[in-house]
Amino acid sequence: MATATETTVQKLYVAYFSRPADVAGLAYWTNILASNPDGYQMISANFASSAEYKAMYAGQDNRAVVSTVYEHLFGRPAETAGVDYWAKMLDQKVITVDNVVTQIAAGAQSTDKIAYDGKVAVAAVFTEHLDLASEQAAYAKPAGMKVASDYIASIKDLLSASLARDPGNIDITIDKMVSAAATGTDGHAQVVGVSDAGFTPLHG
Numbered sequence: 001m002a003t004a005t006e007t008t009v010q011k012l013y014v015a016y017f018s019r020p021a022d023v024a025g026l027a028y029w030t031n032i033l034a035s036n037p038d039g040y041q042m043i044s045a046n047f048a049s050s051a052e053y054k055a056m057y058a059g060q061d062n063r064a065v066v067s068t069v070y071e072h073l074f075g076r077p078a079e080t081a082g083v084d085y086w087a088k089m090l091d092q093k094v095i096t097v098d099n100v101v102t103q104i105a106a107g108a109q110s111t112d113k114i115a116y117d118g119k120v121a122v123a124a125v126f127t128e129h130l131d132l133a134s135e136q137a138a139y140a141k142p143a144g145m146k147v148a149s150d151y152i153a154s155i156k157d158l159l160s161a162s163l164a165r166d167p168g169n170i171d172i173t174i175d176k177m178v179s180a181a182a183t184g185t186d187g188h189a190q191v192v193g194v195s196d197a198g199f200t201p202l203h204g
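The sequence shown begins at 1 in UniProt numbering and counts up by one.
In case anyone wonders, no lab produced these hints; they're calculated from the structure.
For clarity, every value in this text was computed on a predicted model and none was experimentally measured.
Where is the CB? At the ideal position from N, CA and C, for every residue including glycine.
Check each hint, because a few of them may be wrong.
Stated by the list, open to error - Simulated crosslink set (PhoX-like; lysine-lysine; CA at most 25 Å straight-line):
| no. | residue 1 | residue 2 |
| --- | --- | --- |
| 1 | K146 | K54 |
| 2 | K11 | K113 |
| 3 | K113 | K156 |
| 4 | K156 | K176 |
| 5 | K176 | K113 |
| 6 | K176 | K146 |
| 7 | K88 | K113 |
| 8 | K93 | K156 |
| 9 | K146 | K156 |
| 10 | K11 | K54 |
| 11 | K176 | K88 |
| 12 | K54 | K88 |
Claimed, not checked - Estimated spans, in silico, between C-beta atoms of each pair:
| no. | residue 1 | residue 2 | range |
| --- | --- | --- | --- |
| 13 | K54 | S134 | 25 to 31 Å |
| 14 | P37 | P167 | 33 to 39 Å |
| 15 | A81 | A4 | 18 to 24 Å |
| 16 | A4 | P167 | 17 to 23 Å |
| 17 | Y57 | N169 | 26 to 32 Å |
| 18 | V97 | D171 | 33 to 39 Å |
| 19 | T96 | L163 | 31 to 37 Å |
Using the sequences and the hints, build the whole thing.
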C-alpha cells in the first residue's frame, strides 16, 4: 500500500502527465519530498519544465489548455464556466501553465474529485505491479507509456475506478504494455526530472 508521501507524488504524476509514476521516478521523488522542505515545489518545477509536460500543451491557447487539463484530470469536457474562470486566471497570470494542473486539481469537488482520486489510487497500484525489470523497461518506452496513460484515462467515476483498480485488470494491462513496447518504437522516455546518471535533478 502506498504511503502518504508516495500518494502525493502519484498525484503530481497524474496531474502533470496523466499516467502512473514509473518505479524509479516514484522512489526518487518520494525521497525528495520526504527529505526536502521545498520538495513539492521542486517536483512541480521539474515536471512543469519537462518535455513531456510541455508537449501536452504546445500551441494551445489558455482556453484550450484548461479544456485539456479537465480531460486529463476528470475524464470529461470542461464546462464553459470552468473554462472561463481558469482561462481568466491564466490570462491575468494569477496562475501559470506551470501550475495550472495542480491548481485545478486542488479545486476539484464532487464527481471531479472522485475521478481524480480514483486515477491516483489506480496509479499507485499500477506502479506497485511494475515489479519485473521487463515491465519497467516496457514502461520506459513511448508505446508502453501510452498503454498506461490510456488506462488512467479510462477512469471517470467510482465504477470505472473500481474496475481499473482490480489487480487482475492491472496485470492484463501491464502485459499489454509489454507487448506494445516490444512491437512499438525503440525510443525511451527519460524518467521525469532526473538524469540517467545517479538521478541528478535536471532543474531546480
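Hint-by-hint comparison with the structure:
no.	hint	in the structure
1	K146 x K54	holds (16 Å)
2	K11 x K113	holds (12 Å)
3	K113 x K156	holds (10 Å)
4	K156 x K176	holds (21 Å)
5	K176 x K113	violated (28 Å)
6	K176 x K146	holds (11 Å)
7	K88 x K113	holds (22 Å)
8	K93 x K156	violated (30 Å)
9	K146 x K156	holds (18 Å)
10	K11 x K54	holds (18 Å)
11	K176 x K88	violated (41 Å)
12	K54 x K88	holds (20 Å)
13	K54 x S134: 25 to 31 Å	holds (30 Å)
14	P37 x P167: 33 to 39 Å	holds (36 Å)
15	A81 x A4: 18 to 24 Å	violated (33 Å)
16	A4 x P167: 17 to 23 Å	holds (22 Å)
17	Y57 x N169: 26 to 32 Å	holds (30 Å)
18	V97 x D171: 33 to 39 Å	holds (36 Å)
19	T96 x L163: 31 to 37 Å	holds (36 Å)
Hints 5, 8, 11, 15 from the list above are not met by this structure, while the remaining hints are.
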